[in-house]
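Residue numbers (the working numbering), protein chains in the order written: chain A, 1 to 156; chain B, 1 to 453.
Please keep in mind that the hints were generated in silico from the structure rather than gathered at the bench. Note that the coordinates shown come from a computational prediction; the quantities given were computed from them, not determined experimentally. Some hints could be false.
What the hints assert, rightly or not - List time: in silico BS3-like cross-link candidates among lysine-lysine, alpha-carbon distance up to 25 Å: (1) K210/B with K90/A; (2) K378/B with K110/A; (3) K316/B with K210/B; (4) K430/B with K129/A; (5) K4/A with K72/A; (6) K83/B with K47/B; (7) K105/A with K62/B; (8) K90/A with K258/B; (9) K434/B with K397/B; (10) K72/A with K258/B; (11) K90/A with K410/B; (12) K47/B with K397/B; (13) K258/B with K110/A.
Unchecked claim - Per the computed footprint, the stretches of chain A lying under chain B, defined by three or more beta-carbons under 8 Å from a beta-carbon of chain B, are: (14) 65-76; (15) 84-94; (16) 100-110; (17) 124-134.
Glycine residues also receive a C-beta, built at the ideal position from the N, C-alpha and C atoms.
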Amino acid sequence: MKIKAVILTITIALTLVAAAVAQQAANLSPPASHPDITSFGKQLDCSECHTDAERGTLKPLHDYRHSRQFIKDHRFYGAKDDRTCAVCHKTSFCNDCHTNQTEMKPSIKKGNRPDMQMPHPGNYMTTHKIEGKLNPASCYRCHGRANNQRCFACHR
Amino acid sequence: MQKNVYRLLLFCCLSGMASTAFAADLYVESTTMMRFFQDSRYGYTDKTYAPATQFLNVDLEKLADGNLSLHLSGWGRADLADKSFGDKRHDHTNGYLTYGYLQYDCPKHDARLRAGRLFVMEGIINEQVDGASLRTALPYGFGLSVFGGATVHNADLYHEKTDGKGDAIYGGRVNYNYDNIVEVGFSGVYETNVPHLVSTGNRTLVADGKYGSRRLIGADIWLSPFEQLEVMGQSSYNTETSEFAEHNYRLNLRPMDKLTLSGEFSEYRDNSYFLSSVMFSRMYQGLNDKSRIYGASAYYSLTPQLDLTADYRHYKREIGNADRFGADISYRFDANKIRTGAAYHYLRAGSGFAVIPESNASASFHELRGYVMRDAKKYIASADAIAYVYKKKISGKRSAWEAICSLGYKFTPDLILSGDMSYGQSPEYKDDLKGLLRLSYNFSFSNILGGNR
Numbered sequence: 001m002k003i004k005a006v007i008l009t010i011t012i013a014l015t016l017v018a019a020a021v022a023q024q025a026a027n028l029s030p031p032a033s034h035p036d037i038t039s040f041g042k043q044l045d046c047s048e049c050h051t052d053a054e055r056g057t058l059k060p061l062h063d064y065r066h067s068r069q070f071i072k073d074h075r076f077y078g079a080k081d082d083r084t085c086a087v088c089h090k091t092s093f094c095n096d097c098h099t100n101q102t103e104m105k106p107s108i109k110k111g112n113r114p115d116m117q118m119p120h121p122g123n124y125m126t127t128h129k130i131e132g133k134l135n136p137a138s139c140y141r142c143h144g145r146a147n148n149q150r151c152f153a154c155h156r
Numbered sequence: 001m002q003k004n005v006y007r008l009l010l011f012c013c014l015s016g017m018a019s020t021a022f023a024a025d026l027y028v029e030s031t032t033m034m035r036f037f038q039d040s041r042y043g044y045t046d047k048t049y050a051p052a053t054q055f056l057n058v059d060l061e062k063l064a065d066g067n068l069s070l071h072l073s074g075w076g077r078a079d080l081a082d083k084s085f086g087d088k089r090h091d092h093t094n095g096y097l098t099y100g101y102l103q104y105d106c107p108k109h110d111a112r113l114r115a116g117r118l119f120v121m122e123g124i125i126n127e128q129v130d131g132a133s134l135r136t137a138l139p140y141g142f143g144l145s146v147f148g149g150a151t152v153h154n155a156d157l158y159h160e161k162t163d164g165k166g167d168a169i170y171g172g173r174v175n176y177n178y179d180n181i182v183e184v185g186f187s188g189v190y191e192t193n194v195p196h197l198v199s200t201g202n203r204t205l206v207a208d209g210k211y212g213s214r215r216l217i218g219a220d221i222w223l224s225p226f227e228q229l230e231v232m233g234q235s236s237y238n239t240e241t242s243e244f245a246e247h248n249y250r251l252n253l254r255p256m257d258k259l260t261l262s263g264e265f266s267e268y269r270d271n272s273y274f275l276s277s278v279m280f281s282r283m284y285q286g287l288n289d290k291s292r293i294y295g296a297s298a299y300y301s302l303t304p305q306l307d308l309t310a311d312y313r314h315y316k317r318e319i320g321n322a323d324r325f326g327a328d329i330s331y332r333f334d335a336n337k338i339r340t341g342a343a344y345h346y347l348r349a350g351s352g353f354a355v356i357p358e359s360n361a362s363a364s365f366h367e368l369r370g371y372v373m374r375d376a377k378k379y380i381a382s383a384d385a386i387a388y389v390y391k392k393k394i395s396g397k398r399s400a401w402e403a404i405c406s407l408g409y410k411f412t413p414d415l416i417l418s419g420d421m422s423y424g425q426s427p428e429y430k431d432d433l434k435g436l437l438r439l440s441y442n443f444s445f446s447n448i449l450g451g452n453r
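The whole structure should be built from the sequences, with the hints applied where relevant.
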């Protein structure tokens, strides 16, 4: 009975959405991809184009400048609209770190890129016993319900 | 359920291939890694590992009418020596499909449909599902995203034949955006009932209300009335415990183009935040429930090549308080070919946070890091060192440190062979010597099927 009610609710909701979308004509999408490739070894100076808003539709650089602070808080931007990230980054870029079952620490996989800010590089085994008590929520985001197969070796 | 999901994935892949009626763009990223390292921890038998891992990402875009695309990512590994650490269920080989989905974009309606194995990040939602998601703009600045499917399971809990997740999960987010000045969103996630656990300890967690189903609702906000001010954050509420799980907010001020000042406030109720994780519900028991973090940082781009960051955080838990402060500097020159950086942070934390929380213990430590990297036309080289220096010795050792050197040769900009070597010491490991070889190969083809769009 409960399942039927849920299915009915979802069906009605999707119908309403479809009706609303049919009325929507404006094109608000960000561009599907950046005009230049920004993959490994081909990084560009973003400020060459993204200097100021007066040049047209170009987003000013400080809106998404990848400062240390931006990288630390990038989840807020990603959760708002990940299509902005997708203009330059393919999904695989995110999944170097964000996986359900990781094969190795991102800092090992990207050991030749120390300029990239990776989670807990170096020998973190001892330090995690302190950081885990200090702010376990920061561990939980990546290891709470994912990437925890190695945690079980000790945390039983 | 799981069989149906795999059938769905197979259907998506096959239908994706079949729909490549005309042109398509293909992007492939391949990384092959051979690692060699020894696990020589105090109190354990030494083990030698030599895992060979292949990572593969494939993006097939502009299929059918140009709006359909297929995205795949995964890895496979073969252990050439001892079985990989913590890998209980597999014998010297393992693999994983990280994601595999078909995506259809509808630019006219600003909509996107995905089906397969995918990640969903919307408001308070951060999930991986085998199912489908839809995101679309609605009239008058509203937007909607919904998702649903089977939970992607992980390693079984110790003494259990389940990872502790329910079998199905669904949710969504409704948002309103006004002229790119403010956006508010309301989101929720509902996972079916958690499985029955058999071990006594885990059943006690269930009985005590420390472990339960994942059911959260929440709100998020982004506000930037003018470019010098930005406020963003989110709160989540656990409907199983009937209390807030998280408040997390940031304030960014840009008084000058090159300067960003940030403020941070976070509050967690661990019982509600960790409710759907057996491992974390067990761990936080000694820390009590409530914690807060206040922080501030300043980021200054002195020149396009030189960035400075200073930061401070105050941690407030029921077992004690702690402070962390420090600074980072990064400098790039020679047209970004040489990149360097250094950082120092100090954590001042009392005995309650120590590895062994005795009355005279200390959890304070210094964290130091420095790196230099050269990314030239034909080669890439780097040296990186990071050290944690503890105020009081841990297991007779004052520090944990590691140094990594890497050297790579670019056969072409898209074909790079590199090797890393690292050495370190710590209270856990006697000698931590590791090496790896990495072959990265990226290629792309446009219009691989030769048709007309």
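These are the hints, each one checked on the structure:
With a CA separation close to 38 Å, the supplied pair K210/B and K90/A exceeds the 25 Å bound. With a CA separation close to 19 Å, the supplied pair K378/B and K110/A stays within the 25 Å bound. Taken as a hint, the K316/B and K210/B pair is honoured in the structure, with Cα atoms around 22 Å apart against an allowance of 25 Å. Simply put, K430/B and K129/A have alpha-carbon atoms about 18 Å apart, close enough for the 25 Å limit, and the pair holds.
A distance of roughly 43 Å separates the Cα atoms of K4/A and K72/A; the hinted pair therefore is violated under the 25 Å criterion. Proposed proximity of K83/B and K47/B is supported: the alpha carbons are some 9 Å apart, at most 25 Å. Of the pairs offered as hints, the one joining K105/A and K62/B is violated, with about 33 Å between alpha carbons and a cut-off of 25 Å exceeded. For the proposed pair K90/A and K258/B, the alpha carbon gap of about 28 Å is over 25 Å, so the pair is violated.
For the hint pairing K434/B with K397/B, the CA-to-CA distance comes to about 21 Å; that is within 25 Å, so the pair holds. Distance restraint check for K72/A and K258/B: the Cα-Cα separation of roughly 18 Å lies within the 25 Å cut-off, and the hinted pair is therefore satisfied. The hinted pair formed by K90/A and K410/B meets the criterion: a straight-line CA distance of about 22 Å does not exceed 25 Å. Proposed proximity of K47/B and K397/B is supported: the alpha carbons are some 22 Å apart, at most 25 Å.
For the hint pairing K258/B with K110/A, the CA-to-CA distance comes to about 29 Å; that exceeds 25 Å, so the pair is violated. Residues of the stretch 65-76 of chain A with a Cβ under 8 Å from some Cβ of chain B number 7, which satisfies the need for three, so the listed coverage holds. Counting residues of the stretch 84-94 of chain A whose CB falls under 8 Å from any CB of chain B gives 4; the rule of at least 3 is met. Counting residues of the stretch 100-110 of chain A whose CB falls under 8 Å from any CB of chain B gives 6; the rule of at least 3 is met.
Check on the stretch 124-134 of chain A: 9 of its residues sit with their Cβ under 8 Å from a Cβ of chain B, so the three-residue criterion for coverage holds.
Checked against the numbered hints given earlier, the structure breaks hints 1, 5, 7, 8, 13 and satisfies all the rest.
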